[in-house]
Amino acid sequence: MFTHHESLKPTYDVVIIGAGGHGLASAYYLARDHGIRNIAVLEKGYIGGGNTGRNTTIIRSNYLTPEGVKFYDESVRLWRDLGEDFDLNLFYSTRGHYTLAHTDSAMRTMRWRAEVNKHFGVDSEAVDAAFVRRGIPDIDMSCGGHAPILGALFHAPGAIARHDAVAWGYGRGADRRGVEIHQQTEVTGVRVQGGRVVGVDTTRGSIATPRVLCAVAGFTPRILDMVKLRTPIYVHPLQAMVSEPLKPWLDPIIVSGSLHVYVSQTARGELVMGASLDPYELHQTRSTLDFVEGLSSHMLDLFPFLSEVKVNRQWAGLSDMTPDFAPIMGVTPVEGFFLDAGWGTWGFKATPVCGKTMSHTVATGRNHPLIEGFTMDRFARYQLTGEKGAASVGH
Amino acid sequence: MVCPLNGPRPVSEFAYGGEVRASPDPDTCSDAEWSRYVFDRSGSPGVKYEWWCHIASGFWFIALRDTGCDIVVDTFPAEAARRGLPPAGARAESAAAGDAAAAGGSRSGPAVERAP
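Heads up: the sequence lines are chains A and B, in that order.
Numbers 4 to 398, taken from this note's numbering, label the letters of the first sequence in order.
Numbers 302 to 417, taken from this note's numbering, label the letters of the second sequence in order.
Derived by calculation from the structure, the hints in this document are not laboratory data.
No false leads were slipped in.
For the chain A half of the interface with chain B, some residues (derived, Cβ under 10 Å), not all of them: (1) Arg225; (2) Asp228; (3) His286; (4) Tyr385.
Have a look at the derived ranges for each label pair, beta carbon to beta carbon: (5) A:Asp90 x B:Pro309: 52 to 62 Å; (6) B:Ser331 x A:Val201: 29 to 39 Å; (7) A:Arg316 x B:Ser331: 47 to 57 Å; (8) B:Ser358 x A:Asp204: 47 to 57 Å.
Heads up, the beta-carbon is just placed ideally off N, CA and C, and yes, glycines get one too.
Build out the structure end to end from the sequences listed, making use of the hints.
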C-alpha cells in the first residue's frame, strides 16, 4: 500500500513530522491541491500508530464557539465523501449523537450549544427526556436513581468512522502523488538559523528544508523544545476500552458529561468506551484498573443489562491539552515552522479540515481564515477560544 | 506516595496541583510576561517539582516526580518552596545514583520509589 524509501533525500520542500491522520492529510492536500509534492512525512513509529489509532472515532460538529462550530462543520462536510475521494471504505456511519443532560445547568448548556449550532446551520437540537427514551430504548432513564436524564443535545449528523483507514487513505493518496512517508524515522532536532527553519535531523540522517509542519499530538512539547518555543500545552494520558462483540443494539453515540462516559457500537459489535483524562501529567501509555472500574460502573448506570459483558481491551494515548480546549494551529514565531497541535481529546474528527487548513497555511505562509481563532498568539492577547463546554466529558 | 505529614498513602488519596512555578511580580512585569506565566507550561517529560494534596487531610505539599515514568523521587512540606528548591534535574540524578545524603529530604528509606 505504501512505497518503501531506502533513504532520505538531502532536501525537501516541506517536512511533516508525524504520520498520523493530521500529518498525512496535510501532505495529501499539499500534493493534491497546492502542487507541492517534494514532501517527506517522518514518523518515529508506524503510520496511524499514535492517537489516530487510539481515539474513540466520534465525528461531530456541535461545538460551543462560532470558531469551533464553523471549523468542525467544514470537517463533517469533508468526511462525508472522503471514502469516495480515497476509493477506500472508511466505514463512515452516521448514527446520531446524544449528549445527555442530568442537571438543569447541563440543559442550559445544551440549549446554548443548540442555538450557536443552528445559527451556523448545524443540525443540532435540545431535546426532552421523552425524545431520549424513544431514541435509546435500552437506557435506564434514572441512571440508577442518582442522575436522572432530563434531556439531551441531539446532533443527527454525529458519526463514527474506522480510524486506521483514515490514515491509510490519506497516506496512500499522498504516496501516489509522490510524497515520501518514512516510518521508523525519529526527529532528533530541528535546525533554526536567524529565526528561520533550515533543516531537520533524524535518526536516519539530516535533511534541509525551509518548512516544517509539526503534527505529533502528545509529543508536541518535545519538538517545541527543539525550536525553543513554549506553549500552554500540557500532556495527560487518555484511556479507552472496548467490550467483547455484541449483536447490534446501540445505534446512536451516547455521551454523558456528568457520568464521564462516551460510548458507541462499532460495525463489528464492540462497544467503544471512553472517559475523562487521567488526573495528572504523564508521558506514558500505560493502562490502569482504576479506569476500567470507574468507567464500567458509569456504563452500568446507563445500561444495567451490560453487567455480564466482558471488557476485551484497554489502551491509552497522550493528549496534548490546552487551557481553553481549542487547538493551537498555524504559523509560529519561528519562520517556516508550522504547528498543528493542542488536539487533546478532540483531534480525530478534525482530521480532514486540519489537512485542508494546514496545507493552505504551509503553502501560503499565512493562516487559513478558518483557524484564526486557534493561533498560538491568542494567549498573549488573552483572547481564548473557550471550548471546554463542548468537550464530551468534564476533563 | 509518601506524604510529608501522613507517611506512605495510596496514590488515589492524592490530587495533582500542577508544576511549582515562580510568579513574576504582577506590579512590575509586562502583560506578555504575565501571560507566559499564566498560560505557558514546560510540557515535555522530565523531573519536575509539583504541588500535590493529600485529600483526606487537606495537606498540600511538594513532590519531585519524573513525569516520563511516574516515579516520585522525593516529597517535601510546602515550606521547602519558600526556602528555595534545588534544580530538579540535579536532585533526580543524585537520587537515582543512590546518594542518600543528597536525596535526604523529609523521609528515610529508598530514595527512588515507584508510585503505586
